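Heads up: the sequence lines are chains A and B, in that order.
In terms of this note's numbering, the first sequence opens at residue 1 and continues consecutively.
In terms of this note's numbering, the second sequence opens at residue 1001 and continues consecutively.
Simulated from the structure, these hints should not be mistaken for lab results.
Computed from a prediction, not measured in an experiment: that's the story for all the values here.
Do not rely on the hints blindly, as some may be mistaken.
No farther apart than 25 Å at their CA atoms in a straight line, the calculated lysine to any residue pairs in the SDA-like style are these [stated by the list, open to error]:
no.	chain 1	residue 1	chain 2	residue 2
1	B	K1200	A	P228
2	B	K1046	B	T1074
3	B	K1200	A	K433
4	A	K415	B	K1020
5	A	K310	B	P1192
6	A	K339	B	S1283
7	A	K415	B	S1283
8	B	K1257	B	T1179
9	B	K1101	A	Q340
10	B	K1123	A	S295
11	B	K1006	A	P228
12	A	K54	A	D39
13	A	K57	A	K310
14	B	K1200	A	Q309
15	A	K339	B	E1088
16	B	K1200	A	K57
17	B	K1101	B	R1005
18	A	K339	B	T1079
19	A	K250	A	S184
20	A	K339	B	S1078
21	A	K339	B	P1192
22	B	K1204	B	I1258
23	A	K310	B	K1200
24	B	K1020	B	P1192
25	A	K339	B	N1096
26	B	K1200	A	K179
27	B	K1200	A	T292
28	A	K179	B	Y1196
29	A	K415	B	K1200
30	A	K433	A	L77
31	B	K1200	A	G214
32	A	K310	B	S1078
Partner residues aside, some chain B positions facing chain A, computed with beta carbon under 8 Å [said to hold, decoys possible]:
no.	residue
33	E1031
34	A1111
35	A1114
36	H1134
37	R1169
38	R1172
39	W1215
40	Y1282
Every residue gets a Cβ at the ideal spot worked out from N, C-alpha and C, and that includes glycine.
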Amino acid sequence: MKKPLRKSQTIKNTKEMSNFKPAKKVLLKNASIIDGQNDYKSTFDLLIIDGKIKEMKPEIVSSSEFDGKIFDLSNKLLLPGFLDMHVHFREPGREDEETILSGARAAMTGGFTAVCTMPNTQPVTDNREIVEFIRDEISNHLISIYPVAAITRGQKGDELVEMAELIDAGVVAFSDDGKSVANSLVLRRAMEYARMFDVPIIEHCEDAGLAAGGAMHEGFVSTNLGMPGIPSIAEDVVVARNIQLAEYTKSKIHIAHISSAGAVELVRRAKEKNIQVTAEAAPHHFTLTDETIRSFDANFKMNPPLRSQKHIEAIVAGLKDGTIDAIATDHAPHSIEEKQVEFAAAPFGIIGLETAIGLIIKQLIKPGILNWNQAVEKLSINPYRIIGIPAPQIKERGIANLTIIDPEAKWKVNKDELCSKSRNTPFDGWEFKGNVIGVFNNCFYSLGEKQK
Amino acid sequence: MQENRKHLLGLEGVPAEEIKLILDTAESFKEVLDRPIPKVPTLRGKTIVNLFFEASTRTRFSFELAEKRLSADTLNFSTTASSVKKGETLRDTAQNIEAMKVDMVVIRHPASGAPHFLRHWIKGSVINAGDGCHEHPTQALLDMKTIQGIHNEFKGLRVAIVGDIIHSRVARSNIYGLTTMGAEVALCAPAPLIPYEAEKWNLKTFYNVDDAIAWADVLMVLRIQLERQSQNFFPTLREYHNYFGITRERLEKANKKITLMHPGPINRGIELDSDLADDPEYSVILDQVTNGVAIRMAILYLLSGETK
Chain A
1 MKKPLRKSQT
11 IKNTKEMSNF
21 KPAKKVLLKN
31 ASIIDGQNDY
41 KSTFDLLIID
51 GKIKEMKPEI
61 VSSSEFDGKI
71 FDLSNKLLLP
81 GFLDMHVHFR
91 EPGREDEETI
101 LSGARAAMTG
111 GFTAVCTMPN
121 TQPVTDNREI
131 VEFIRDEISN
141 HLISIYPVAA
151 ITRGQKGDEL
161 VEMAELIDAG
171 VVAFSDDGKS
181 VANSLVLRRA
191 MEYARMFDVP
201 IIEHCEDAGL
211 AAGGAMHEGF
221 VSTNLGMPGI
231 PSIAEDVVVA
241 RNIQLAEYTK
251 SKIHIAHISS
261 AGAVELVRRA
271 KEKNIQVTAE
281 AAPHHFTLTD
291 ETIRSFDANF
301 KMNPPLRSQK
311 HIEAIVAGLK
321 DGTIDAIATD
331 HAPHSIEEKQ
341 VEFAAAPFGI
351 IGLETAIGLI
361 IKQLIKPGIL
371 NWNQAVEKLS
381 INPYRIIGIP
391 APQIKERGIA
401 NLTIIDPEAK
411 WKVNKDELCS
421 KSRNTPFDGW
431 EFKGNVIGVF
441 NNCFYSLGEK
451 QK
Chain B
1001 MQENRKHLLG
1011 LEGVPAEEIK
1021 LILDTAESFK
1031 EVLDRPIPKV
1041 PTLRGKTIVN
1051 LFFEASTRTR
1061 FSFELAEKRL
1071 SADTLNFSTT
1081 ASSVKKGETL
1091 RDTAQNIEAM
1101 KVDMVVIRHP
1111 ASGAPHFLRH
1121 WIKGSVINAG
1131 DGCHEHPTQA
1141 LLDMKTIQGI
1151 HNEFKGLRVA
1161 IVGDIIHSRV
1171 ARSNIYGLTT
1181 MGAEVALCAP
1191 APLIPYEAEK
1201 WNLKTFYNVD
1211 DAIAWADVLM
1221 VLRIQLERQS
1231 QNFFPTLREY
1241 HNYFGITRER
1251 LEKANKKITL
1261 MHPGPINRGI
1271 ELDSDLADDP
1281 EYSVILDQVT
1291 NGVAIRMAIL
1301 YLLSGETK
């Protein structure tokens, strides 16, 4: 495939680069480190040279001729960089909604130094050329992209993609995200084949027949609104099938955006049997219920849909007891025109990269469901483990892949000020306490100024 | 009407006193309709647009007639193609209407919530003339007006809604309106035609139509969409008719006075026997049509904020 020439490439080298700087010599003072493993009682200073943590100790005294940048991180939290293992950047195909670079900027703002992009681009990410295009586009950038490729050509559910070549090109997992692989034999073959390379199959679990025509969660609210429903069993039956296939083929299955109580219970029981199943949940699925759809606002329309309180409680319990390994946003940009329509006509999906941290703190950390170390597991350690990439560690000689949080920062979501090119968030106007103030990765950093 | 009520989007949550006011106001308009010149100048100078994105004759005619009886200027916009297919969005349509300085919009749309969406884009009043499977408040109000003409009060009155509940906006609006007014409502249908968690409505449910007839004072029979059969909501129309169809034999077996209603259009011989539909002993179907105009006049008048 000949790489198309696009305007955004010129932008990349001028405006985009000004968002972050080379981490040549940076001294971080008095940081409270939360690495998901240790329980540090005191603060640390970190000296970062050329993107590596050169020194890390309670106090690093800088001489007067120190010519690097110094940041005082008193009362700030220093965490390993987050990985959002489920985002949709619309490039190639719908650059009006999100480009790789605008998505990367949104990720950076949200504290995610790495993302896994889902393959439902146009054309579908099912061949080496598109994977290389994505990697080219993000080269020499603070954000790392680990692409997920389709399981089947064109996500049509019949023919397997050339997995080995795609893995060579940098793909870390396979998924026909947006729908399940309906034919169980095709999925079985995909799992068996992927097992050779120890890469996971990620499934959007939804029985197409049961969910047919649905626009929201099936329950009393859909009954009241006369809206066609997507029942929770549409998710459950496919999760059950996938777990059985993973057990039988001894391969890895990752359940994308788990949203139903039944699915959480199935994953819990499968883990007890040591089946290689992992799961992620999206912030909106532990925050909002289907009651919000009484507004008929299409920014509450996503798939899987917002479910009832019972399901939210199951997601929260699953996050707490470790049944759900990761938090991923399912960042799904859509144009204003597509969302400003009657509910049934709108596409599924909301953006989530820039609101995730606010929701995690508000819904999970403040109420004591997760502590910060557990949050780091869900946002960094586990997602990296699932895709088989070493997770960043905060230690001497480690790579400076960091997310810095000010737990006291008060902020309010303003959809018009987001870095994403799209505006489809249901959280416009929400107020939060605690926000990302900076990130380090790939020898770059962004800290100390507004990132936009 | 509540002072701040500007739109009629549905009956869910509308308090009893407002429903009563609409029904009472309709009574005085019924008197107007009996005059030699059945027209009043109440809405003279007001512009009302009827936006029908779905095929309709009786509801559209009923609204149009009500508007003309009130001396309003009316515009009609009908299309069966969805707004999305046409390339113009509902929002664009709404903004065009807004630019024409329309006072009220009557909308029928195949998507639930379309009138609620429209409300954000225009300054005038929005009246829901049926949105998807959600609500059809003016139909329920005219049904209630019709019931009121026969039975003295709603309190304790037993109304059984029979048929395609899951897809029926008429059923939903009647459930909300009738229960608010103190009537007892029951549902009777093949199980797949009753929506999920409908039990939270706290209504009696019958799977045997004879039991429903024995229980009810009023039977509200819903249209069975012929294409539902292919979606396996029930096996065949034949079986539906045999087990859920309202027949003379069934009513006579019940041996009681019962009011028969249908929002129309009727599939004669499927959900309702043809001669029953025309039998004044049971059927009030044509009264429903007459009351429709009076109810819509009442709603247009009350939402307009005019004084008579």
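Here is what the structure says about each hint:
Taking the CA atoms of K1200 of chain B and P228 of chain A, the gap is near 18 Å; set against the 25 Å cutoff, the hint holds. At most 25 Å may separate the alpha-carbon atoms for a hinted pair to count; K1046 of chain B and T1074 of chain B meet this at roughly 8 Å. A C-alpha spacing of about 37 Å is found between K1200 of chain B and K433 of chain A, which places the hinted pair above 25 Å, so the restraint is violated. Pair hint K415 of chain A plus K1020 of chain B does not hold up; C-alpha atoms about 43 Å apart against a cutoff of 25 Å.
With a CA separation close to 24 Å, the supplied pair K310 of chain A and P1192 of chain B stays within the 25 Å bound. Taking the CA atoms of K339 of chain A and S1283 of chain B, the gap is near 45 Å; set against the 25 Å cutoff, the hint is violated. Between K415 of chain A and S1283 of chain B the alpha-carbon distance is near 56 Å, which puts this suggested pair outside the 25 Å criterion. A hinted pair counts as satisfied when its Cα atoms are at most 25 Å apart, and K1257 of chain B with T1179 of chain B qualifies at roughly 22 Å.
Between the alpha carbons of K1101 of chain B and Q340 of chain A the distance comes to roughly 22 Å, so the proposed pair stays at or under 25 Å and holds. Using a Cα cut-off of 25 Å, the hinted pair K1123 of chain B and S295 of chain A holds, with the two alpha carbons roughly 18 Å apart. Taking the CA atoms of K1006 of chain B and P228 of chain A, the gap is about 28 Å. The hint is violated against a cut of 25 Å. For the proposed pair K54 of chain A and D39 of chain A, the alpha carbon gap of about 21 Å is at most 25 Å, so the pair holds.
Among the hinted pairs, K57 of chain A with K310 of chain A is inconsistent with the structure: their alpha-carbon atoms are about 46 Å apart, more than 25 Å. For the suggested pair K1200 of chain B and Q309 of chain A, the alpha carbons sit about 15 Å apart, so the restraint of at most 25 Å is met. For the hint pairing K339 of chain A with E1088 of chain B, the CA-to-CA distance comes to about 14 Å; that is within 25 Å, so the pair holds. For the suggested pair K1200 of chain B and K57 of chain A, the alpha carbons sit about 61 Å apart, so the restraint of at most 25 Å is broken.
Taking the CA atoms of K1101 of chain B and R1005 of chain B, the gap is about 20 Å. The hint holds against a cut of 25 Å. The hinted pair formed by K339 of chain A and T1079 of chain B meets the criterion: a straight-line CA distance of about 22 Å does not exceed 25 Å. Under the criterion of a C-alpha separation no larger than 25 Å, the hint pairing K250 of chain A with S184 of chain A is consistent with the structure, at around 15 Å. Pair hint K339 of chain A plus S1078 of chain B holds up; C-alpha atoms about 24 Å apart against a cutoff of 25 Å.
Between the alpha carbons of K339 of chain A and P1192 of chain B the distance comes to roughly 31 Å, so the proposed pair goes past 25 Å and is violated. Distance hint between K1204 of chain B and I1258 of chain B is fulfilled; the C-alpha atoms sit about 18 Å from each other, no more than 25 Å. Between K310 of chain A and K1200 of chain B the CA atoms are separated by roughly 15 Å; this keeps the pair inside 25 Å, and the hint holds. Under the criterion of a C-alpha separation no larger than 25 Å, the hint pairing K1020 of chain B with P1192 of chain B is inconsistent with the structure, at around 34 Å.
Restraint check for K339 of chain A and N1096 of chain B: satisfied, since their Cα atoms lie roughly 19 Å apart, inside the 25 Å limit. Of the pairs offered as hints, the one joining K1200 of chain B and K179 of chain A is violated, with about 31 Å between alpha carbons and a cut-off of 25 Å exceeded. Among the hinted pairs, K1200 of chain B with T292 of chain A is consistent with the structure: their alpha-carbon atoms are about 18 Å apart, no more than 25 Å. In summary, the hint linking K179 of chain A to Y1196 of chain B is supported, as the alpha carbons are separated by about 24 Å, within the 25 Å threshold.
Between K415 of chain A and K1200 of chain B the alpha-carbon distance is near 36 Å, which puts this suggested pair outside the 25 Å criterion. Using a Cα cut-off of 25 Å, the hinted pair K433 of chain A and L77 of chain A holds, with the two alpha carbons roughly 14 Å apart. For a cut-off of 25 Å, the pair hint linking K1200 of chain B to G214 of chain A stands: about 21 Å separates their Cα positions. Distance check on the hinted pair: K310 of chain A and S1078 of chain B sit about 43 Å apart at the alpha-carbon level, beyond 25 Å; violated.
Residue-level restraint check for E1031 of chain B is violated (minimum Cβ-Cβ distance to chain A is 35 Å; threshold 8 Å). Given hint, A1111 of chain B at the interface with chain A, holds; its Cβ is 4 Å from that chain's nearest Cβ, closer than 8 Å. Annotation: A1114 of chain B was flagged as interfacial toward chain A, and the flag holds, the nearest CB pair being 5 Å apart, inside 8 Å. Proximity of H1134 of chain B to chain A holds as hinted, the smallest CB-CB distance being about 4 Å (cut-off 8 Å).
Given the 8 Å rule on beta carbons, the hint for R1169 of chain B holds: about 6 Å separates it from the nearest Cβ of chain A. Interface hint status for R1172 of chain B: upheld, as the beta-carbon distance to the closest one in chain A is roughly 6 Å, under 8 Å. The restraint placing W1215 of chain B at the interface with chain A is violated, with a minimum CB-CB distance near 22 Å, outside the 8 Å limit. For Y1282 of chain B, the shortest C-beta to C-beta distance to chain A is roughly 29 Å, which exceeds 8 Å, and the interface hint is violated.
Checked against the numbered hints above, the structure violates hints 3, 4, 6, 7, 11, 13, 16, 21, 24, 26, 29, 32, 33, 39 and 40; every other hint is satisfied.
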